[in-house]
Amino acid sequence: MSYSTLSMAPGFTARRICWSLLILGFVFLFAVQRQIDDEMGVYAKISDVLYIPAGTNLRRLSLGNEGLLADIYWTRVVQYFGRSHMENAGGRFDLLAPLLRITTDLDPQLIIAYRFGGVFLMEPPPIGAGQPEAALQLIRRGIVANPDYWRLWEDLGFVYYWDLKDYKTAAKIFKVGSERPGADFWMKSLAGTVAAKGGDIQTSRLLWSEIYRHADTDAIRRTAEVHLTLLDALEQMKKLDSLLALYRSKEGHQAQSFYDLYASGFLRGLPRDPTGVPYVIGPNGQAQLGQGSNLKILLAQ
Amino acid sequence: MKSMNRIITIAFHTFKEAVRDKVLYNLIIFALLMIGCAILFSSISVGIEEIIVIDLGLSSISVFGLIMAIFIGIGLVSKEIERRTIFHILSKPVRRFEFIIGKYLGLVFTLFINTAIMTVGFYIALFYQTRRLGAGDLVPLATIYFILLQLAIVVSLAIFFSCISTPIMTAVFTFCVFVIGHLLSEMRWLGEATHSAMVKKVTAVLYYLLPNLSDFDFITRTAHGEKISGALILSDSLYALLYVTVLISASILIFEEREFR
Amino acid sequence: MLAIETTNLTKDYPVGFWRKRPKRVLEGLSIQVEKGEVFGLLGPNGAGKSTTLKILLHLVFPTSGTARILGKELHDVSAHERIGFLPENPYFYDYLTAEEFLNYAGALFSLPAAERRRRTVRLLEQVGLTGSRNLQLRKFSKGMVQRLGIAQALINDPELVFLDEPMSGLDPLGRREVRDLILGLKEQGKTVFFSTHILSDAETLCDRVAILNLGRLQGCGELKEMLAMGIASTEIVMESPRQELLGELKIYGGDAVRTGDRVRVAIPKESDVPAVLGRILQAGARIISVNPVKMSLEDYFLAQVAKDSRESGRQENRVQ
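Residue numbers (numbering that gives the first Met the number 0), protein chains in the order written: chain A, 0 to 300; chain B, 0 to 260; chain C, 0 to 319.
Honestly, the hints are just simulated from the structure, not real lab data. Each residue gets a CB set at the ideal place from its N, CA and C atoms; glycine is no exception. The reader is advised that the hints may include incorrect statements.
Label-pair restraints from in silico Cβ distances [to be verified]:
id, chain 1, residue 1, chain 2, residue 2, range
1, A, PRO146, B, HIS194, 32 to 42 angstroms
2, C, GLU80, B, ILE163, 23 to 33 angstroms
3, B, SER164, C, ARG137, 21 to 31 angstroms
Work out the full structure: start from the sequences and follow the hints.
As structure tokens, this is what we get:
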């Protein structure tokens, strides 16, 4: 039984009109929302997060919700990073450092942000922002806020080791880190190895596999994986170089290609890098990554 | 035609009742003070004076507009039910949908006038700061228009909740939806990032169901001199219109069945 | 055509917070009100009077039963063009003045502006608010709001007026004025349907009444007939009577109550009164007052309806 005053006027079924408006409204809303999403995309690129430059101010403005806000900013970091990766292959990540800074200002205990920043601020384009100084700054701030978290020392030392090739400083940092409570035993030996030998493939492999094993995000894990693959390739190329040297001393001339080594029985097949692209012999007579190998970009660093 | 007359009558008296409320005056005065303060703040910072005036001025308009929208939106509809002034209206030859539409239009008109007053205050502050007003200074008008669209949606929310609950709960619900409405895009993204198909679906549904108010936030962009595209103005207007239509239709359907004891 | 006709009107309200149970507040009400009649709906608080009015005005909807107002069904709000309504304990807008409020009410009837002004002036005069016409309603006293409520109910010159407790909140003078106003409406041939729990109001105004208790119709018709009215007792107050006199009066069944110097005796039989008065005068006591005490509505309910309440109370218990 309906008591509605709407059902009154003959032929004027306003109730039905209301229902129609309700349903049609939502259908159209759906369409318009998608349209807006497209249009807003233009604005989203010029990220509005930077308009409040200091996270500490934002922290005050958040009226006690800074944790939530930090989480939101963290998602923005990931979002920004992922989107930039997809959209511009030769990408720069100008906003990565300030975004991370705001995020960690809001929530200084957000370890993932430091670790993520450590890797991707350090890594040169196209993988990261190529700002090792910014990476160092971020991790140092992380260490101040989280003095007991030894892996930040590992990350800090790693930037010196990997990107800046400052093995002395790296060794010192690894040593300090190894003295933090709970630090893994290898940190201590790492400090020694780096001090004695500087950069070698073994140490690099150890560090990258640590990063790989303890990666908090897929992006870090993938990056570490790529680096480990590259280290594999480097090792393989080293072996190939020694084979080439052996060939030269046995046959008395340079090999023109790896087919020569195969024909002479030095190799059981044509050597390929871990991504499946055959190695070639470079103008300097040493093994090189073949044309079209993805690893090539990394090696250029 | 008589129906239209009654709607306009209700709208007009809603406006009249609203503008005489001291609370509203105080809010407007406070908002104008905030806008005035923008000049003070900007004088102690170097290089971004105009940005601060625009940021703080437009934010004041938006925040105080919201408070007014929730305040009078509830005060004038929910209270009408609670204090039973509704008896007086509905015992006249007024259809219930006329009441809802009239109330809504009256409230939106009130907000429009208030926003207009605050806008004038804003431009006075801006002129004081820059000593000139050019064509470029029209950009904030589009932003203010977007704020109004937002408020129009908030008022329709307040009316909708008034139809189903008490004044206090209406205030709470309206504010909650307002906040969620601003976080929807973040929520959507979080949903997309999860591996749970369930969460994905739920966030997508909410995204389209709740009012996506962050699509109307252009204050900071305006402060940095960004223009709002005509296409976006059009689709945002359409969005607000549709959303209000949906909420008012729903309100009417609920209100029609409501008993006033 | 009848002004109001209800058939088996029944209303249940859901009560309880978690599990809502229906509570019957009106049961099978069937009444008919002729045009031009002043009809009173009587009953103690909670009898279902307001519910009845709200159903008739389409503010709440009947659970079952039907009703027609001026020949139209309840949901046909166009009937409201020709009716006026004063809610119980009305509350109007804080920030409108009396004049503006009546103007608003008139506009809802789509009256032209000039007509609205004319009627506003006349009605404010009629309810004695001319002096306060420019005062905002939040500054009004309860009695003033009540008067304004009556004025707004008459703005459309209605054929049928619903008044829910029209006398409440009024001082004796105000009650008198409202009483005259209702009689004036009757003279103009309007139908007045009002609810009250005060018997004397009903008595002076109503052609017919319906008596409700606990949602049920107890009777409908002329009040005197229904209540088998008459004088319950006669109360005589005298000053400084001698003790022997009081002893004598006992044979008439009168109990004496002493308050300071004065003594009040109630004589149950009307026919004994002249004899009693004679005795008092003979004894030389001074008579202060002689008052016929009528049965009040409360007495009526206590006497006639209490048993019904008990019965339905038992029924309710059984249902629960």
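Violating hint indices (sorted, rising): none
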